[in-house]
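J.: Sequence:
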Amino acid sequence: MTPGKRINPARFSPPVHDTGAGKSAGANRICSVLNQININIMTGLLLHCGAEAIERDAIKNLPMKRGTKTHHPVSNERLVNLTHNALNHHGFRILDEAYGAKPDGSRFFGLIGLESKLDPSFQNVFGLRNCDDKKFILSGIHGIAPFICDNLQMTGDIILSRKHNSPKINDELPEMLNDAVAKLGETFGRQHARIERYKSVNLSSQILQHDLTVRLAERGAINYRQIPKVLGEFRAPRHDEFKGDSLWHFMQAVTEHSKGRGGVNHLETLRHRTQLMHSIFAADYPVENN
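Residue numbers (the working numbering): 1 to 290.
Derived by calculation from the structure, the hints in this document are not laboratory data. For clarity, every value in this text was computed on a predicted model and none was experimentally measured. Careful: at least some of the hints might be erroneous.
[Stated by the list, open to error] Calculated lysine to any residue pairs in the SDA-like style (CA-CA distance at most 25 Å, straight line):
1. Lys117 / Gln275
2. Lys183 / His272
3. Lys69 / Leu173
4. Lys183 / Ser279
5. Lys60 / Ser204
6. Lys183 / His90
7. Lys102 / Thr68
8. Lys183 / Ser121
9. Lys117 / Lys199
10. Lys199 / Glu241
11. Lys117 / Trp248
12. Lys199 / His272
13. Lys199 / Glu186
14. Lys117 / Arg197
15. Lys243 / Arg197
16. Lys183 / Val74
17. Lys229 / Ala283
18. Lys168 / Ser139
19. Lys102 / Ile137
20. Lys243 / His192
21. Lys199 / Lys168
22. Lys117 / Ser200
23. Lys60 / Asn81
24. Lys199 / Gln209
25. Lys102 / Val80
26. Lys117 / Lys229
27. Lys229 / Gly189
[Claimed, not checked] Cβ-Cβ distance ranges computed for the label pairs, FRET-style:
28. Glu288 / Ser204: 21 to 31 Å
29. Lys65 / Ile227: 35 to 45 Å
30. Gly220 / Asp119: 19 to 29 Å
31. Arg56 / Ile137: 16 to 26 Å
32. Arg56 / Asp171: 17 to 27 Å
33. Lys243 / Asn85: 39 to 49 Å
34. Ile137 / Gly189: 24 to 34 Å
35. Glu288 / Asp211: 16 to 26 Å
Backbone N, C-alpha and C fix where the C-beta goes; we use that ideal spot for every residue, glycine too.
With these hints in hand, go ahead and build the complete structure from the sequences.
T.: Okay, here's the thing in structure tokens:
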């Protein structure tokens with residue numbers, strides 16, 4: 001990864017915890033920071049997960065519980081190193097990365113931004129989630145994120161998933177990660193085809209806009225209170241890059257408001273909401289050969 005000028009996210013928001021209101025306010029403010037100064041946008045995304053930002057070099061210092069006969073924790077440092085190895089082996093160029101953890105090391109999150117050779121306005125994302133308190137399984141999911149703000153779409157199925165109760169999880173981890181990363185090229189290709197389809201769909205009709213937004217709320221991709229916010233965002237977006245009348249521009253308005261308030265299950269919530277959104281879009285505007 002090419003070194004550049006980094007700005008401490010703490011300048012824009014305090015560390016975010018699970019308790020209290022307004023968890024995502026600081027992360028939202030990061031959207032206003034220009035990409036030209038090369039701020040680590042991925043760190044802003046992690047604030048939604050209720051995690052405190054942590055540098056990669058500090059991951060090795062996170063405490064980890066000892067394993068038992070029925071629970072076999074995975075080292076966060078080893079997970080990240082093996083992921084990097086697999087990505088490099090399969091020819092992915094890492095543009096950005098950010099990690100977050102609970103102070104006691106019980107929950108760990110990572111987002112790795114990868115170069116998209118098909119669409120330079122986005123970076124592909126590989127997300128990691130790990131814990132040693134049995135609250136969720138080790139998992140890896142894929143998605144996309146625009147460079148100008150923290151609208152993250154975890155767009156597809158979990159491509160790495162393993163419970164910590166398997167005594168072989170640590171032995172099998174390198175092969176598991178390699179297999180998961182091997183699937184990413186084809187997966188990102190399908191994502192690109194979907195985005196190109198959305199860009200071709202004209203959504204200038206306010207009737208269509210309203211109908212689509214209501215259906216998103218009915219299915220749970222957004223909540224009903226977000227209907228006017230999504231419509232307002234689409235018609236007057238806060239980012240000039242998202243001004244337009246296509247379904248792709250509408251998708252940006254949806255993801256701006258569907259990212260929620262955060263919490264430890266934020267990446268899974270994003271995945272669920274994103275899949276609901278795409279299933280609704282696909283019913284009206286299917287992608288050929290997908």
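J.: Of all the hints numbered above, which does this structure not satisfy? Sort the numbers upward.
T.: Structure breaks hints 5, 21, 26 and 27.
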